[in-house]
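Here the structure of chain A is known, so what remains is to put chain B in place on it, guided by the hints.
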Amino acid sequence: MSIDQNTAAKVAKLARIKVEEDALPALAEEFNTILGFIEQLNEVDVEGVEPMTSVTPQRLKRREDVVNDGNQQDKILSNAPDAREGFFAVPKVVE
Amino acid sequence: MLDLTYELPKPKVIAGAKHDWELVIGMEVHAQVSSKAKLFSGASTKFGNEPNSNVSFVDAAMPGMLPVINEYCVEQAVRTGLGLKAEINLWSAFDRKNYFYPDLPQGYQISQLYHPIVGEGEVLVELGDGTARNVRVERIHMEQDAGKSIHDMDPNMSFVDLNRTGVCLMEIVSRPDIRGPEEAAAYIAKLRQIMRYLGTCDGNMQNGNLRADVNVSICLPGAYEKYQETQDFSHLGTRCEIKNMNSMRFIQQAIEVEARRQIAIVEGGGKVDQETRLYDPDKGETRSMRSKEEAHDYRYFPDPDLLPLEIEQDWVDGIAASLPELPDEKKARFIGDFGLSDYDASVLTADVESAAYFEAVAEGRNGKLAANWVINELFGRLKKDEDKTITDSPVSPVQLGGIIDLISSDAISGKIAKDLFEIVYTEGGDPAEIVEARGMKQVTDTGAIETALDEIIAANPAQVEKAKVNPKLAGWFVGQVMKATGGKANPKAVNELVAKKLGG
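Line order of the protein sequences matches chains A and B.
If you're matching positions, the first sequence starts at 50 in the numbering used here and goes up one per residue.
If you're matching positions, the second sequence starts at 107 in the numbering used here and goes up one per residue.
Just chain B, same shape as in the assembly:
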């Protein structure tokens, strides 16, 4: 694997009234496991079903119902852990986190506080400007999602839907290694990308399948480095946790807004209270979730309904052996094997489908040319076409490869190739046959080009005289020849002939 080395990104600095401040951010990302059934029951996880139809008596916490763990969910948590190069704990256990809320019928959430299934790992977070940071993951644990409350259907009532209750979440907890809003967004994007490669979470933020709690604190320049040296949190400011955000844009806004709020407090001589806050995107502010404060005493204890979760190393090894090539490795390989730029390789490895498409096109061809066509022509065209994605592409890798072959063999010019691409995109068909049938082949026969050029020279004596004084006018002749040949003349051959005739 090609070793990609990066500079560290600069931490975000916010100028206060008195001096500069830096940000320190840690995140808890909740990723919904893409399972068919829930973590402890056989009810469906399907999004958008009739309210309270994906609910078993276990999810509704009817007396006497017992949880039975979904092994597939365990496998996905392990898979995600392996994808983040994390240690897998063969022995983990479930605890009850006790609190009351209408969308939590049990009165507790089953989670893994004391013995999570996945331990320390790391994520390489690239900022796209050649800088990157390894963000440490502290742990991943499995837990139940809560139901959904809807507050706007009635002025006096909240409506509760338990369809999401008990769906398996992986909570991925980072260390406070993130240093700015952009890094926070890039971190989530990278987690999302890795989990989509692994197939463990679909990453759909709009449906709430990927959400984040963000811990934000501020510190003076230099303090963070002391924390990293010693891992002593006293070098950092008091943090506030902004809960439950499922939009990259809002996460970035919330971090900035919250940091500025804390700076104003500290510079005004006050103290930041450690608390849970909510971001209100309409008002552009965070506010305290007072109700959460008292309930913060969760009185965790081991869930007596569930034995510890013991898994075997062989089973873990089997999952490890089935992991796909992950984004970092794939990107390094694309750079190494196909000679792509860092940027192009990032774009092409953004998701598995794009990467597979590119590889099919690039196989046995010029990698850079293939990358150009996939990124600039195909992606560009798909975007214009109602934001289609690569999986909707009407042009197959074989067809696009055919177009590139025609360019590489000089059968068609670059300009004609774009016309050809549009035909293949809208009408379909075999590129080579289309070129043949519609007479799009490039004219490399210098005789034919010469004839066309001679006619143009004969018809435009005044231009010829001007061009002899001003060589830049040669371009006009080239254009005329291209026009006369319907764009099919080989531009290189035309240029050479024009230069020869006008110069001579």
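Same shape as in the complex, but just chain A:
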């Protein structure tokens, strides 16, 4: 699989990262290098090998159903560029 400039531009847009037009060829090239490496990895025969999900043997940690967080509206909103009446205020987004 090869990534062209259009695809690179689309990926950037989906990730909401602004990429100048003249930077696109280099970005596409970088993607292709990464994908090339992954293709190389794909050559390894992993038939019957379980995917490794953790380097140490451990189980997904669980929490109990207890409310022990929250009630910090001021802190949650403290980094917001704009907050009103306890809400984040953002430019209008409506379907």
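There may be inaccurate statements among the hints.
In silico negatives: residues of chain A with every beta carbon more than 10 Å from chain B [as the list claims (entries may be wrong)]:
#1 ALA61
#2 VAL68
#3 THR82
#4 VAL93
#5 GLY119
#6 GLN121
#7 ILE125
#8 ALA138
#9 VAL139
#10 PRO140
Label-pair distances were calculated between CB atoms; the ranges are [unchecked claim]:
#11 B:TYR220 - A:PHE86: 35 to 45 Å
#12 A:PRO100 - B:GLU228: 43 to 53 Å
#13 A:LEU84 - B:GLU459: 36 to 46 Å
#14 B:TYR406 - A:GLU92: 43 to 53 Å
#15 B:PHE407 - A:GLU92: 16 to 26 Å
#16 B:GLY376 - A:GLY85: 37 to 47 Å
#17 B:LYS191 - A:GLU92: 35 to 45 Å
#18 B:SER452 - A:ASP94: 50 to 60 Å
#19 A:THR82 - B:ALA167: 26 to 36 Å
#20 A:GLU134 - B:ASN482: 48 to 58 Å
#21 B:THR336 - A:GLY85: 15 to 25 Å
#22 B:GLU459 - A:VAL115: 20 to 30 Å
It is worth saying that the hints were derived from the structure and are not from the lab.
If you're wondering where the values come from, they're calculated on a predicted model, not measured in any experiment.
Even for Gly, the Cβ is constructed at its ideal location relative to N, Cα and C.
Frame of chain A, contents of chain B only:
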């Protein structure tokens, strides 16, 4: 368990300009798990709190915060799966669904695309007219809910509340087995009923705790059967997904409106585009959610913050052992053990509380009589009383049972029983004592009835002559005797005496 067999419901047919069309519907139901805390944080799930007060730094996606799964939520998803007779996957995993929206601070939703916790199950959907269909469930997965945006507080701004962000949802995905708007509503109602029995979701649609995305397509008669034979989707039309509806009425309207839109396109020689649409109940139309189209490339990948979710068969077995009797089984038992009609059994098993109330009343009594009183008198009275529900009933099962006992032993007549019920409902008290204290006992003593009847006959010779010619007039005498005895005379005894005296 009694085996209830049903005919399949007829699919909804809509007449187009050229020919008939049938509907094919699949649903994605989002049910909020009734947990105290969120799926991956310790913030509260309580509805209606101050905006942004049920928010932890995990929910706000502050850098470095890591999700830790709420085990209770996992248990509820498994419980729901077992309730839908579904396979439980002991190994499941979480993926990131990437998109940007102001009410999703992470920039992705944690969901289970590739390895859901629950696999295939089924739901028996009854239409209430003796027909029913088994709707196949493809999967149930856990995922995070998004926050809420409010658009009407300011002309230029949207206001965002993250209280709902990260609350655990179960997404229940059906196969395209639903064939009309009524079936769609009945399917949601049944899911809701089962989850309320299980206690996994409160089913409150108004608060958005149960919402549905509905996939609608149209096909020519006969095409759907080919799909069912082969499971090949090419026999079906292109589907459109109507997003995020939380009203049974709107869901039904939206399906019909959307089907008619697709029929008009296809009959006009056009092609239906697969897309996401919104239903506008004010205009009665669906419209395209253009903004969703580009964002549809979700670039799913396994969430690196979460290990796979591994659960043990023993744990699942423990949950299975704790399941309550479910609506289908309970209904079958009510029909089998108490001799109830299908309809009465459905009404009484609609929710756990009504079923428990009825069982307490029916225990050791005539089941049909008990069902009659619970449904017609009690439910009717509660409805008139500001739409109260069974849990608000001022009449306890013991009291209602007492009233039924008095009827069964012929101590009171049916008519008096209704008066007695009203007294117990409004004033409370022990029915037997009330009957005793207020002299409401039925007069079965034929001597007393005869005396009353003789007086009436003596006072109304003209009526007696008429009644001899026209036997229908006997009813007038019965009425007079009932009146004279304050409604307490045993109607059967009165009827017999009147017939004897007038006939003789």
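Looking back at the numbered hints, which does the structure fail to meet, lowest number first? Hint check: 5, 6, 7, 8, 9, 10, 11, 12, 13, 14 and 21 fail, others pass.
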